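Throw the hints in and build the complete structure from the sequences for me.
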Amino acid sequence: MRVIDMSWFDNGGTVPSINTSELLSCKIPFPPIEEQQAIVIYIETKIKVIEKHIDAIQSKINLLREYRTSLISAVVTGKVDVRHIPVEDTDEFIEDIAEDEEGVFEEEIGEEDKEVLICQPTQKKPDWKI
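Take the sequence shown: its position 115, counted from the start at 1, is 115 in UniProt numbering, and no numbers get skipped.
These aren't lab readings, by the way, just hints derived from the structure by calculation. Predicted, not measured: the structure shown is a model, and the values here were computed from it. Don't take each hint at face value.
Pairwise CB distance ranges (calculated) [claimed, not checked]:
hint, residue 1, residue 2, range
1, Asn-62, Glu-22, 47 to 55 Å
2, His-53, Ile-97, 13 to 21 Å
3, Asp-96, Ala-56, 16 to 24 Å
4, Tyr-67, Ile-28, 32 to 40 Å
5, Glu-34, Leu-64, 44 to 52 Å
Dumping the calculated DSSO-like pairs for lysine-lysine here, alpha-carbon to alpha-carbon at most 27 Å [unchecked claim]:
hint, residue 1, residue 2
6, Lys-79, Lys-60
7, Lys-60, Lys-48
8, Lys-46, Lys-60
Backbone N, C-alpha and C fix where the C-beta goes; we use that ideal spot for every residue, glycine too.
Spelled out as structure tokens, the structure:
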């Protein structure tokens, strides 16, 4: 990563600030409009995939909260008796859940989304103008 030395923009006052005229005269490279548009499309595609997965996860969270509420209600009202559930079974249940969850996200992504989520750097040198 390259860093631009901005110290020569300093106006020399007691409070550090950037000299506007010097900054405006600075040449900043930027990619051609076609590349800018390609970058925007790439980012928007990534964002859509990410938002789709955020929505799916949020939906699961909401369902789990509803299930939790209904389960608590069922226990409190006596519809479900939890006094006879051995503690060992809950440990096994938690282990089963942990094993099941390992591949859940990968299964739901789908092949077309995996390609979008994988960022592949280009070997092409940028054709930017100054």
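Here's how the hints hold up against the structure:
no., hint, in the structure
1, Asn-62 to Glu-22: 47 to 55 Å, "holds, 54 Å"
2, His-53 to Ile-97: 13 to 21 Å, "holds, 20 Å"
3, Asp-96 to Ala-56: 16 to 24 Å, "holds, 22 Å"
4, Tyr-67 to Ile-28: 32 to 40 Å, "violated, 54 Å"
5, Glu-34 to Leu-64: 44 to 52 Å, "holds, 46 Å"
6, Lys-79 to Lys-60, "holds, 25 Å"
7, Lys-60 to Lys-48, "holds, 18 Å"
8, Lys-46 to Lys-60, "holds, 21 Å"
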